[in-house]
Amino acid sequence: MPVTAPITLSARNLIRRFGQREVIHGISLELRHGEVLGLLGHNGAGKSTTLQMLTGALLPHSGEIEICGFDLTRQSQKAKAQTGFLPETPPLYREMSVNDFLIFAAKLHRIPRAQIADALTETKRRCGLQDNGKKIIGTLSKGYQQRVGIAQAIIHQPEVIILDEPTVGLDPSQIRDIRALIRELGNMHSVILSTHLLGEVESICDRVEIMHHGRLIYGDSSTKMQQYGSQSGFIVTLLAPPTLSELHAIAGIQQVDQLSPTQFRILHAANTNPSAALLALAAQHGWQAEQLVPLQTRLEDVFMQITQDEKL
Amino acid sequence: MILTIAHKEFRSLFSIPSTWLILGALQFIFAWFFFARLDVFLQVQSQLAQLANAPGATLAVAAPLFGTIALILMMLIPIFTMRLIAEERRNQTLTLLMSAPVSDTHIVVGKFIGLMLFLLLIIASCMLMVLTLAAGTQLDTGLLLTNALGLMLLAASYAALGLYISSLTKQPVVAAIGALAILFGLWLADVSAVDNNNTWRALAPTSHFQNFNIGLLNIIDLMFFLLFCTVFLLLTIRRLHNNRIYS
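Chains as they are written, first to last, in this note's numbering: chain A, 1 to 312; chain B, 1001 to 1247.
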């Protein structure tokens, strides 16, 4: 992800109240062209509210949103023409056919009349809806309705695509299809999606922002997030194990825990890796080394850790 | 943009079976009243002929029919307006319009025009029925035209009011009952008024329609309908805007 790519969406200090209660406390976001940003958080963390503000469906009480250089409050129509939005519940007119609905969405987003037919075919191809054009939306399955929802959001080739929990309620194979589609969209547009599924973030997002009680508490690339607070180390299986002190004596090893008679968890500093030395010794002394698995923090643990840290 | 939304509203009305049912039933009711009036007219025709300035078929048959239609529209329009915004809100499709590059004015006026096209269809179908009289007698074109204009304006004012009530709630049924209650209240204010200069009576669209019904084209009545529509359309636009702020 080049840092030089143009910024397509920027939000500064968004504040939103519902009645007297402030639910979004000063959120700032930036999104670059060709980037997929995941907005992660518990239920009720304010993800949907934030996304709705970014699309102009809700107005922030203070703060500014700029989309492709257009201010969302002052030049709202130009700014909105550059966004596509799939809300939590796909906004589908159940009594319309897929074609009619997509044509309506295309007109609504000001696609010139002459290009509508092309845009329609192209969008249906991308979302795998070629054979469903004439069907009534209400008769489609949930997965296909979700696809129509996504098709509606991308038919006008917007710069910024905003998806609110795009894979909720789909079966595993549909989830895989939609994730592949989002990944593909991320190459040509900027995508921002909210989710509480960590696997989704792992598989499709370049960058993660974690939201907690209406604040962004952590933001980084998703690979870096996986390393957050993790300890370098590995688990080794030795069928004829030596004593613990022998293992401790190897240079670079900070801590050894015996998990089972033959399994040991070995922690070491991030910059040194004593695994080679250990394997050499094992060969020398006949410890019968069998498996060496690096410790991997699961995103779930990281997420829990980050949100826990915030509570303290 | 306005026309895109209007076109969509108009088409989606016809994708619901109940619309066709209502159209059919309505046509039946109109025909029933029409024949009943015509029958009465034919029976008393010979006596009317002895009067010096006898009312013609248009005044005796068409005008009362239009009066009846005005009443039926009052009960009918809330059924069509209830869906306009309340149902979109309930099905969460309103977000599509709110996040699209269209202004609140486009949305409201588009929906209003879409429904008006449909109502014009109903009024036109009824006009056609009356025009069949032309086969047997001379029609009073002026009276017919003022009646048609009056019905259109009356329908427009009902539609604007219904649209506003629909924008207040999430439940279409509540919107329908609310709009019907208000229209009924306004109608009661009209029929229960003892003198013609009653202020409450002046607020009722039906009282202003009566002038059109007898062939009087009055600038005050015209202004009333225009103001009535504008006020409620503006209120709806305002309500949609507030939707972005408070909801």
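I should point out that these hints are in silico values taken from the structure, not numbers from a laboratory.
Among the hints, erroneous ones may be present.
[To be verified] Just the calculated beta-carbon pair ranges, DEER-fashion:
no.: 1; chain 1: B; residue 1: Ala1134; chain 2: A; residue 2: Phe70; range: 53 to 59 Å
no.: 2; chain 1: B; residue 1: Phe1184; chain 2: A; residue 2: Thr73; range: 14 to 20 Å
no.: 3; chain 1: A; residue 1: Gln308; chain 2: B; residue 2: Gln1092; range: 45 to 51 Å
no.: 4; chain 1: A; residue 1: Asp118; chain 2: B; residue 2: Ile1220; range: 25 to 31 Å
no.: 5; chain 1: B; residue 1: Trp1020; chain 2: A; residue 2: Lys142; range: 14 to 20 Å
no.: 6; chain 1: A; residue 1: Arg94; chain 2: B; residue 2: Gln1045; range: 37 to 43 Å
no.: 7; chain 1: B; residue 1: Leu1217; chain 2: A; residue 2: Lys142; range: 25 to 31 Å
no.: 8; chain 1: A; residue 1: Asn13; chain 2: B; residue 2: Leu1168; range: 49 to 55 Å
[Unchecked claim] Pulled from the structure, derived: some chain A residues nowhere near chain B, Cβ distances all over 10 Å:
no.: 9; residue: Arg32
no.: 10; residue: Glu95
no.: 11; residue: Gln308
Here a beta-carbon is modelled for each residue, glycine too, at the ideal position from N, C-alpha and C.
Status of the hints after comparison with the structure:
1. For Ala1134 of chain B paired with Phe70 of chain A, a C-beta distance near 58 Å keeps the hint of 53 to 59 Å intact.
2. The beta-carbon spacing between Phe1184 of chain B and Thr73 of chain A, approximately 41 Å, falls outside the hinted interval of 14 to 20 Å.
3. Taking the beta carbon of each, Gln308 of chain A and Gln1092 of chain B are about 34 Å apart, not inside 45 to 51 Å as hinted.
4. Checking the proposed 25 to 31 Å range against Asp118 of chain A and Ile1220 of chain B shows it is violated: the Cβ atoms sit about 54 Å from each other.
5. Restraint check, Trp1020 of chain B to Lys142 of chain A: a C-beta distance of roughly 29 Å breaks the suggested window 14 to 20 Å.
6. Between Arg94 of chain A and Gln1045 of chain B the Cβ separation comes to about 54 Å, which falls outside the hinted range of 37 to 43 Å.
7. At roughly 56 Å, the beta carbons of Leu1217 of chain B and Lys142 of chain A sit outside the given window of 25 to 31 Å.
8. Roughly 32 Å separates the CB atoms of Asn13 of chain A and Leu1168 of chain B, a value that falls outside the hinted 49 to 55 Å.
9. No Cβ of chain B approaches the Cβ of Arg32 of chain A within 10 Å, the least distance being about 22 Å, so the stated non-interface status holds.
10. A cut-off of 10 Å between C-beta atoms contradicts the statement that Glu95 of chain A is not in contact with chain B; the least separation is 4 Å.
11. Non-interface status of Gln308 of chain A relative to chain B is upheld: no Cβ of that chain comes within 10 Å, the nearest being about 33 Å off.
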